[in-house]
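Listed here are the chains, written in short residue letters.
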Amino acid sequence: MMKSIFIIMLSAVFVDNFVLSKFMGICPFLGVSKKLSSSLGMGAAVIFVMVCATAVTYPVYHGILEPNGLEYLNTVAFILIIALFVQLVEIMLKKVMPPLYDSLGVYLPLITTNCAVLGVTLLNIDNGYNFVESLINACFAGVGFALALVLFSGVRSKLEAADIPATFKGIPSTLIAASIVSLSFMAFSGFIN
Amino acid sequence: MSNFKEFTKGLIKENPTLVGLLGMCPTLAVTTQAVNGIGMGLATTFVLVCSNIVISLLKNIIPKTVKLPCYIVIIAGFVTLISFLLHGFIPDLYSALGTFLNLITVNCIILGRAEMFACKNKVIPSMLDGLGMGLGFTLALFLMGSIREIMGSASWMGIKLSFIHPTSVFVMSAGGFFVLGIIIALVNKIAGKKPPKKIGCAGCPNAANCASVRKDEE
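Protein chains in written order, with the numbering used here: chain F, 148 to 340; chain L, 59 to 276.
Calculated from the structure, these hints are not laboratory results.
One or more of the hints may lead you astray.
To be verified - The following residues of chain L were derived to be distant from chain F, with all beta-carbon distances above 12 Å:
1) V124
2) V164
3) N165
4) M174
5) K180
6) P183
7) G216
8) K247
9) I248
Stated by the list, open to error - With a straight-line Cα cutoff of 20 Å, these simulated DMTMM-like cross-link-like pairs (lysine to aspartate or glutamate) come out:
10) F:K182 <-> F:D163
11) L:K125 <-> F:D163
12) L:K178 <-> L:E72
13) L:K247 <-> F:D310
14) L:K71 <-> L:D150
15) L:K67 <-> L:D150
The beta carbon of each residue, even a glycine, is placed where N, CA and C say it ideally should be.
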């Protein structure tokens with residue numbers, strides 16, 4: 148049990164990193180990774196929403212959809228839950244914890260359409276994880292996402308100062324830098340066997 | 059005539075992936091083979107055309123305050139439909155696309171067209187707009203898939219190309235980022251215009267929030 152949880156943790160952060168090897172959540176990865184502070188904010192918001200979304204979608208799938216033979220409705224149900232949930236969290240944070248809202252608030256609405264969140268809830272079901280494993284996978288997939296964003300914000304601050312040919316300025320150079328960061332993450336692929 | 063324009067603009071001039079820089083996740087993830095690129099592109103086109111038609115029919119009924127959840131549910135419905143169809147008729151493609159088939163739901167091209175076009179226009183132009191954008195997306199995916207398959211596994215659409223030495227990094231994730239970066243640089247060069255400084259998420263329903271985040275960064 149402990150061993151399998153440890154493997155899930157390591158593979159979610161390094162080997163199957165959501166951004167760099169599964170290509171989920173590329174939009175926020177490219178859009179919100181210019182500065183360390185916003186990378187951390189977005190990362191924290193994603194970890195939070197991923198864990199909570201998994202905590203809600205898992206019981207819904209195994210408690211409501213599966214017993215009634217409605218497994219095929221998982222995409223519709225999950226995306227609705229995530230959209231609703233994000234809205235709820237935003238309203239609650241605003242009322243209950245204004246300081247936290249100030250730091251995470253702007254990132255929350257961006258998360259509804261972040262495919263990493265829908266992706267992690269669907270993958271937890273596909274991989275047949277139990278409830279605890281699902282939560283751990285969601286949490287560490289979020290950590291992996293945050294790690295990629297934070298690392299990449301460092302790379303981008305160097306790119307800002309570099310003299311890049313006009314054609315490659317902006318997105319092309321960012322994508323090529325991402326390719327090199329992803330290359331370095333490939334070194335982890337022999338980690339777990 | 060103007061309807062025809064709605065169709066053609068998405069193919070090259072306003073290509074959603076290469077010019078609009080939308081829908082990056084599937085563009086990178088499923089293009090290890092040209093065939094998968096076409097399959098993903100056509101599946102997305104189907105969802106895009108259907109959701110554009112339905113949203114433009116319902117544009118006066120959907121209340122403004124809850125339009126995002128409404129759009130997402132409509133789109134997710136069609137995604138479920140296409141995944142059933144693929145599961146039944148093309149099981150190979152279904153397993154190759156995996157989770158990304160379900161993730162069509164959150165593809166920003168579809169939400170973007172719903173927000174930018176379908177909710178303001180009549181049914182026929184919306185349908186053609188969806189068709190054009192979808193085929194433009196397919197074209198970009200096919201291009202990416204072809205380059206990665208030829209360079210990475212020395213084959214194309216299942217035909218072996220023995221004169222090329224395969225360089226497997228192209229089918230790995232790093233190669234995906236690299237090829238897309240080069241293609242967008244080429245598009246910038248050919249189009250001869252200034253490269254977009256920011257990601258073109260103008261069509262995304264969250265553009266306003268995203269912009270406020272970026273303002274903080276600057």
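Now the hints, each set against the structure:
Remark: the non-interface label on V124 of chain L conflicts with the geometry, its nearest Cβ contact in chain F lying 10 Å away (cut-off 12 Å). Non-interface status of V164 of chain L relative to chain F is broken: a Cβ of that chain comes within 12 Å, the nearest being about 5 Å off. Separation of N165 of chain L from chain F is inadequate, the least Cβ-Cβ distance of about 8 Å not exceeding the 12 Å criterion. Under the 12 Å C-beta cut-off, the non-interface status given to M174 of chain L relative to chain F holds; the minimum distance is some 14 Å.
Separation of K180 of chain L from chain F is adequate, the least Cβ-Cβ distance of about 26 Å exceeding the 12 Å criterion. With a cut of 12 Å on Cβ distances, P183 of chain L stays outside the contact zone with chain F, its closest approach being about 25 Å. At roughly 23 Å from the closest C-beta of chain F, the C-beta of G216 of chain L stays outside 12 Å, upholding its exclusion from the interface. For K247 of chain L, the non-interface assignment is contradicted: its Cβ lies about 5 Å from the closest Cβ of chain F, within the 12 Å cut-off.
Here I248 of chain L does not stay apart from chain F, with its beta-carbon only about 10 Å from theirs, under the 12 Å limit. Annotation: proposed proximity of K182 of chain F to D163 of chain F is violated, straight-line Cα distance about 24 Å (limit 20 Å). Taking the CA atoms of K125 of chain L and D163 of chain F, the gap is about 34 Å. The hint is violated against a cut of 20 Å. For the given pair, K178 of chain L sits about 18 Å from E72 of chain L by alpha-carbon distance, which is consistent with the 20 Å threshold.
Only pairs whose Cα atoms come within 20 Å are accepted, and K247 of chain L paired with D310 of chain F is accepted, the gap being roughly 17 Å. Between K71 of chain L and D150 of chain L the CA atoms are separated by roughly 33 Å; this puts the pair beyond 20 Å, and the hint is violated. Straight-line distance between C-alpha atoms of K67 of chain L and D150 of chain L comes to about 32 Å, which puts the hinted pair past the 20 Å bound.
Checked against the numbered hints above, the structure breaks hints 1, 2, 3, 8, 9, 10, 11, 14 and 15 and satisfies the rest.
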